[in-house]
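I would like the entire structure built from these sequences, with the hints used as guidance.
Sequence order for the protein chains is Y and V. Position 6, counted from 1, in the first sequence is what my numbering calls 6; the numbers after and before it change by one each time, with no gaps. Remember, my numbering sits 229 above the position in the second sequence when you count from 1.
Just so you know, the hints here were simulated from the structure itself, not pulled from any lab data. Here the structure is a predicted model, which means the values were calculated and not measured. Yeah, the Cβ is synthetic: ideal placement off N, Cα and C, and Gly gets one too. Just to be clear, a hint being listed does not mean it is correct.
Interface residues of chain V toward chain Y, partial, derived using beta-carbon atoms under 7 Å [stated by the list, open to error]: (1) T305; (2) I306; (3) V311; (4) A313; (5) Y331; (6) A333; (7) T343; (8) L403.
These stretches of chain Y come out as covered by chain V in the derived footprint (C-beta under 8 Å, 3 or more residues) [unchecked claim]: (9) 77-83; (10) 116-129; (11) 166-179.
Chain by chain, the residues run as shown.
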Amino acid sequence: MEKKRSLLHEFTKGIVKENPVLCLVLGTCPTLAVTTSASNAIGMGVAATLVLLCSNVFISLLRRVIPDTVRIPAYITLIAAFVTVVQMLVKALAPSIDESLGIFLPLIVVNCIILGRAEMYASKNPVLPSALDALGMGVGFTAAMLLMGMIRELLGAGTLFGMQVMPSFYTPITVLILPAGGFFVFGLLIALANKLQGGKSKGRDFSCEACPLAGACTKKETEGACHDD
Amino acid sequence: MMIKSLLAVFLAAILTENYVLTKFLGICPFLGVSKKFGTAVGMSVAVTVVMMIATAVTFPLYTLVLVPLDLAYLQTIVFILVIAALVQLVEIVLKRYIPALYRALGIYLPLITTNCAVLGITILVLEKSAADASYTFLHAMVNAFGTGVGYLVAMVLFAGVRERLESADVPRSLKGLPITLISAAIVALSFLGFGGLVEGLLGGGV
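This is the structure:
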């Protein structure tokens, strides 16, 4: 019973409490770039979740095999292999998604969420919890992106999943689907997440803890490496 | 004609195709190290150097090795490994031969491997050259340099904005990252004003 509950926790923590996008502020680039529409957000979320699941499972399986000193290059190679597979799958099964995600599909390789989970979780835990951790984080990532995509698409274009939903007298706020709108909506969502958490983490910012390479980075003590004070 | 098209590529890379503000590449360091002017410049210079070296290696590698061997699908995995190796190499060379520069840039180098702007430029210049036959290796290099300069411009501008933010009285929930993102939105909005500028300056047709 106890074990079951903790496994469930591995899954759910990524969705709300440790949401990778809104709480840990990882994977910012794709979150801002592909959330111009709800369907893009889902496409990106599913692709990244698939890569995350595969990489977490394999890194967890290989955690006793990969030497500690070369673990980061080893993880990156593994992740890149899975990204290539997912890239080919998306190209074959959903060419329209491939077109709208463009460069951000291969860029899943450098998504901090995936390397971050490999370094922080999968390299220290058995396969089953690692897989659940990946699924939870993936669902959390997708949900946050979907929320942002829906807000931006609804207010910025008046549509949802490409269908007109806003009444005809509504003038879309086009700036919201432009790059500037991405920063704006993301800022407000994080402010909302802060507010809902009761301001426990006041002045949340990028820090060494959020950086996936924190463990490997020997220079964090030096001034300004991953942003000080 | 050649010079004109190179200039167009260079200016477009800085203003209209600014990686940070219009393409959302390299956002993490943009938000992370833009707090102080000095670190913002250091990071941007390091990114520019790595971008140019990475493009100089991956562009011929792709066109002369991967494509003839029918291995183009290995692009992602090969490029990320090349970039990781290059970053290590640059670090070792700097440490050994130019210690002063190493002390200035060295701390940013480990973070650059996972900077998506670097992987981004190596892939995007290949997409451009596939779409347009007149886009040569030289254009790719100028594009990489322009992108680096654009990164520097965005970082420096934003460092200035953030220094002003430090002394501003911000509502509690907006403190820290949210207000930073909202200011970034306004900076990005101002870059929209450059749309069409490059075509206008150089008389179209580029």
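The hints, checked one at a time:
1. T305: Holds, because the Cβ-Cβ distance from T305 (chain V) to chain Y comes to roughly 4 Å (cut-off 7 Å).
2. I306: holds (4 Å)
3. V311: violated (11 Å)
4. A313: Cβ of A313 (chain V) sits 6 Å from chain Y, so the hint holds.
5. Y331: Since the shortest Cβ distance to chain Y is 11 Å, the answer is violated.
6. A333: violated (11 Å)
7. T343: Because about 5 Å separates T343 (chain V) from the closest Cβ in chain Y, which is inside the 7 Å limit, the hint holds.
8. L403: At about 5 Å, which falls below the 7 Å cut-off, the nearest Cβ of chain Y leaves the hint on L403 (chain V) intact, so it holds.
9. 77-83: With 4 residues in contact (Cβ-Cβ under 8 Å with chain V), the coverage given for the segment 77-83 of chain Y holds.
10. 116-129: Coverage by chain V is violated for the segment 116-129 of chain Y (0 residues, Cβ < 8 Å).
11. 166-179: holds (count 3)
Hints 3, 5, 6, 10, counting from the list given before, are not met by this structure.
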